[in-house]
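J.: Position chain B against the provided structure of chain A, taking the given hints into account.
Chains A and B, in that order, give the protein sequences. According to this note's numbering, the first sequence holds residues 1 to 163 in order. According to this note's numbering, the second sequence holds residues 1 to 788 in order.
Watch out, some of these pointers could steer you wrong.
[As the list claims (entries may be wrong)] Dumping the calculated DMTMM-like pairs for lysine to aspartate or glutamate here, alpha-carbon to alpha-carbon at most 25 Å:
no. : chain 1 : residue 1 : chain 2 : residue 2
1   : A       : Lys18     : B       : Asp583
2   : A       : Lys113    : A       : Glu160
3   : A       : Lys65     : B       : Glu207
4   : A       : Lys65     : B       : Glu167
5   : A       : Lys130    : A       : Glu28
6   : A       : Lys130    : A       : Asp95
7   : A       : Lys65     : B       : Glu130
8   : B       : Lys628    : B       : Asp583
9   : A       : Lys8      : A       : Asp58
10  : B       : Lys749    : B       : Glu207
11  : B       : Lys588    : B       : Asp575
12  : A       : Lys18     : B       : Glu553
13  : A       : Lys65     : B       : Glu501
[Stated by the list, open to error] Simulated restraints, written as ranges between beta carbons of each label pair:
no. : chain 1 : residue 1 : chain 2 : residue 2 : range
14  : B       : Arg640    : A       : Pro79     : 49 to 59 Å
15  : B       : Ala615    : A       : Ile147    : 52 to 62 Å
16  : B       : Arg539    : A       : Ala110    : 27 to 37 Å
17  : B       : Ala83     : A       : Ala110    : 50 to 60 Å
18  : A       : Asn66     : B       : Trp441    : 51 to 61 Å
19  : A       : Glu160    : B       : Leu177    : 34 to 44 Å
[Unchecked claim] To spell it out: a stretch of chain B is covered by chain A in this simulated footprint if at least three of its residues, at any positions, have a beta carbon under 8 Å from a beta carbon of chain A; those stretches are:
no. : stretch
20  : 134–144
21  : 148–161
22  : 501–507
Please keep in mind that the hints were generated in silico from the structure rather than gathered at the bench. The beta carbon of each residue, even a glycine, is placed where N, CA and C say it ideally should be.
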Amino acid sequence: MQNLAAVKSARGRFVERKTMAMLNTPLESSGTLIYSAPSRLEKYTLLPTAESLVLEQDRLTIEYKNRKQRRTLLLRDYPVIWIFVESIRSTLAGDLATLTRFYRIILEGADDKWRLVLTPLEASMQSVVKTITIGGSHNRVRTIEIIEAEGDRSLMTISEETP
Amino acid sequence: MTARVSSRYALFIWLAGVLVCTIVILRTEFSADLSAFLPRTPTPVQQVLVEQLRDGVVSRLILIAIEGAAPAALTQTSQRLAAQLRQLPENFAAINNGEDAGATMDRDYLWRNRYLLSPAVNAEHFSCAELHAAIEQDLQLLGSPAGALLRRILPNDPTGELLRLVEQFEGQSRPALQHGVWFSPDGRRALLVAQTRAAGYDMDAQEQDLALIQDAFANSADATARAGQKLLLSGPAVFSVNTRAGIKADALRFSVIATALIAALLLALYRSPLALLLGLLPVVSGALAGIAAVSLGFGTVHGITLGFGVTLIGEAVDYAIYLFTQLTPDASPAGTFIRIWPTLRLGLLTSLCGFSAMLLSGFPGLAQLGLFSIAGLVAAVAVTRYVLPALLPPGFTVHAGAGLAPRVTSVVRRAPLLRYPLLFLSVLAVCFLVAQNRPLWSDELSSLSPLSSRDRALDEQLRRDIGAPDVRHLVVIHAADEQSALAASEQISAVLRRSVEQGDLQGFESPAVYLPSLAAQGARQAAIPPAPTLRENLREAQRGLPFRAGLFEPFLRDAAAAATQPLLNRADLHDTGLALKLDSLLVKRNNGAGWAAMLPLRGVSNAGAIEQDLARVAARPAVLIDLKRESDVLYQTYRREVITYALLGTAAIVLLLLASLRSLQRVLVVLAPLAAAGLITFSLLVLLGNALTIFHLVGLLLVVAIGSNYALFFERQAASAEERERTVTSLLFANLTTMLGFGLLAFSKVPVLHAIGSTVGIGAFLSLAFSAILISRSAGPMAAQPCV
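If we strip away everything but chain A, and leave its shape as in the complex, we get (with noise of 0.2 Å):
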């Protein structure tokens, strides 16, 4: 966690594939994230459509290209979408105060391969998330597995942008 919170910045390739059972088949997404600490989280999705989402101490601003849309959401009215973002800026913030205060915690592995899950804590969001678990390496985030409780699963793998 003090690896992690001594980062200030940071940069990588996202693709996320998600699994649903409302889809025939998985929706896969890529783009670029980008993270600068304490508070600021941007992730910027250009295939299969632009859209971006910036995420700012609590508020969360989403805006899809094609459409033209801009919409932002202050986070203490969507408690769900909250608890879901802070999963994944808390954890590359090393902030464990507020990830104890959402989820229960489990390390695992070693500092070169180390794996964190984070359970739910409130109810509301049990109904929703089962687990998310968080692998990477050092002081770097490689992948962010979110388990659902009505199954569906997505997986997203970050690599380091190359220059």
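T.: Positioned in the frame of chain A, the structure of chain B alone reads:
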């Protein structure tokens, strides 16, 4: 003999008058309507707003805040307080503190009726192409963090109607949540909003509701848990009840103090209980006549009028003082009156001129004060003139502070020495007033509000906390019935939506969002295609998209149900938080004046353009109101009006003086001290940090009206040194009682009483002092000059 008979008639008429007045007063209704001291509102649009203030939803809201403890403790108190108050459905229609109770009902209403409520539903909405676009968008949303929320409703609502409905409320500010209840943004206060069943003007009921809230707060936790926690209440009902209680307390306290002080003064002056009793007779008669006159003239008597009655005690007693002090053992009361009556009558008439200006002002409350004073003074003078002589024992004479008189006289004799200092002071006052770089006059309507600035500040704070900032721009629509009001709102909404796109404003609210007109609902219902068509369109629309077959079956079911569901009316909103909103935006007006819809606007940047857009479709009377501009213009209009009346009042006083003194020079002599007193009083008020209002101006007019009495008595040629001594003594005591009456009002927390009280208190004293300085003839060569 005739004198005896006529005085017997006088006694009889007086007793009958007292009886009639008492009966009228016993049947009088006393009010504390806060709008009485706001100007009468001339336009129908303002009328709607004032009606809302009186008994609309807005008037039924009580803002509750709890502070003084850690958020966790405040949360608990908020929850317990709300739970207790929800047990009292007969008193409170709704208790909101952010707990989910109401929100669930709201979501449920929106969810169940989404196809009738959504403005997007039209003939094209369920076509193959539009369905395809909608589902494609869903796919994109599923990939985003919002996907987790969307997933549950997607099978029922692929076209995103719920999201669209919720979006309409976005931008409406809401209080922040902490621990699941409403908090101020700084987290220091937990917030609740109670809606009472009783209307805002029903003060007895409101008083009871407030007591219930206080009890519930006291019971919401044991004493140790509640340690340091403070309950704050605000809102129109709180204001009315507090103001009424404040006025009641003020009126009672000041009347008792004034009566006691004046009685003590009279006793000290006359050393005779009989003189005291007789002296108070005109006062009591005047007060009875004043209240009865207001009751008959206005239907109700405002609490503030009673508070103002204190001043009457101070003024009405003057006439008895003049009479008693001028009585000599060798002259009958009738004889004495022959001497002093002309001056007394002239003094009364000038006072009446002053109060008439109040009577004619556009403020119902101020007009009451005027009528009260006029009736009271006339009755007091009549009793002094016709009843007191009949009651005075033969040979009655009073020993009027014999030790005092010579000393007073010697002071007065030396007063003219101060002429040049006074002249200098007056010039200084003019310079001071001219040199003020901040505006002398308060320009805001709120300066007339009977609320103390502290109450107002608390209310503004709580409103900011709860995210209900005062609306400044508003479109008001008048219609004959509910349905046409809703239909008009829809029509105007379409115009406003275009204005939003053009960037003239950020957003707006409309009652039709919560309850569309039956016509609009019917049109939406008709736009839902028959089940087989919709199924076919959906099948086509899903082509090329990865959604599982049969996923949207719930949507087909819901749409088919919506196509035949009964149309919504007001009753369907029952028990939701949305009903509150609807009731504040759509109101049935009193007296069969039809319906009014109000569309509050947010973030207006180009009011002119919106006005033009509205005018273009204005088949219906829709008016854009800028509340701030409206009220400021109103205030300025009324200030002009009051200034006009004050000038007319002053002119009437000058004419009166001219008519009776028949000499321009004498009139100028009488007016000089009053002008100086007015100037210096205003300077003092400004120096003390007051922003001058209409009420100060009215006070100044009263200074002229009352001060002219002193000037007249000073100016009057005395027959002997002894009579002059008596005159001066009686003036001093009359002035003392007036200062007491008005001066006490300066301590009132009710702004109108405070303003008039402080102005007249200071002004009356200065008028007497300056009359002594400028008019007194006993000193130096002036004494030798023959009088005109």
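J.: Next, verify each hint and record whether it holds.
T.: Here is how each hint holds up against the structure:
In summary, the hint linking lysine 18 of chain A to aspartate 583 of chain B is not supported, as the alpha carbons are separated by about 46 Å, beyond the 25 Å threshold. Simply put, lysine 113 of chain A and glutamate 160 of chain A have alpha-carbon atoms about 16 Å apart, close enough for the 25 Å limit, and the pair holds. Using a Cα cut-off of 25 Å, the hinted pair lysine 65 of chain A and glutamate 207 of chain B is violated, with the two alpha carbons roughly 56 Å apart. Distance check on the hinted pair: lysine 65 of chain A and glutamate 167 of chain B sit about 19 Å apart at the alpha-carbon level, within 25 Å; holds.
Only pairs whose Cα atoms come within 25 Å are accepted, and lysine 130 of chain A paired with glutamate 28 of chain A is accepted, the gap being roughly 21 Å. For the hint pairing lysine 130 of chain A with aspartate 95 of chain A, the CA-to-CA distance comes to about 21 Å; that is within 25 Å, so the pair holds. Note on lysine 65 of chain A and glutamate 130 of chain B: the hinted pairing holds, with a Cα-Cα distance of about 19 Å set against a maximum of 25 Å. Among the hinted pairs, lysine 628 of chain B with aspartate 583 of chain B is consistent with the structure: their alpha-carbon atoms are about 23 Å apart, no more than 25 Å.
For the given pair, lysine 8 of chain A sits about 19 Å from aspartate 58 of chain A by alpha-carbon distance, which is consistent with the 25 Å threshold. Between the alpha carbons of lysine 749 of chain B and glutamate 207 of chain B the distance comes to roughly 20 Å, so the proposed pair stays at or under 25 Å and holds. A threshold of 25 Å between alpha carbons decides the hint, and for lysine 588 of chain B with aspartate 575 of chain B the separation of about 19 Å falls inside it, so the pair holds. The hinted pair formed by lysine 18 of chain A and glutamate 553 of chain B meets the criterion: a straight-line CA distance of about 23 Å does not exceed 25 Å.
Restraint check: the Cα-Cα separation between lysine 65 of chain A and glutamate 501 of chain B comes to about 19 Å, which is no more than 25 Å; the hinted pair holds. A hinted range of 49 to 59 Å holds for the C-beta pair arginine 640 of chain B and proline 79 of chain A, which are about 56 Å apart. Alanine 615 of chain B and isoleucine 147 of chain A have their C-beta atoms about 59 Å apart, which keeps the hinted 52 to 62 Å range intact. Under the hint 27 to 37 Å, the C-beta atoms of arginine 539 of chain B and alanine 110 of chain A, about 53 Å apart, miss the expected range.
Taking 50 to 60 Å as the suggested C-beta distance range, the pair alanine 83 of chain B and alanine 110 of chain A conforms, at roughly 52 Å. For the hinted restraint 51 to 61 Å between asparagine 66 of chain A and tryptophan 441 of chain B, the CB-CB distance of approximately 58 Å keeps it satisfied. Remark: the range hint 34 to 44 Å for glutamate 160 of chain A to leucine 177 of chain B is upheld by a beta-carbon distance near 40 Å. Only residues whose C-beta sits within less than 8 Å of a C-beta in chain A count toward coverage, and the stretch 134–144 of chain B has 6 of them, enough to reach three; the restraint holds.
Three residues within the 8 Å Cβ limit are the bar, and the stretch 148–161 of chain B against chain A gives 5, so the coverage statement holds. Counting residues of the stretch 501–507 of chain B whose beta carbon lies closer than 8 Å to any beta carbon of chain A gives 0, which falls below the threshold of three, so the coverage claim is violated.
Hints 1, 3, 16, 22, counting from the list given before, are not met by this structure.
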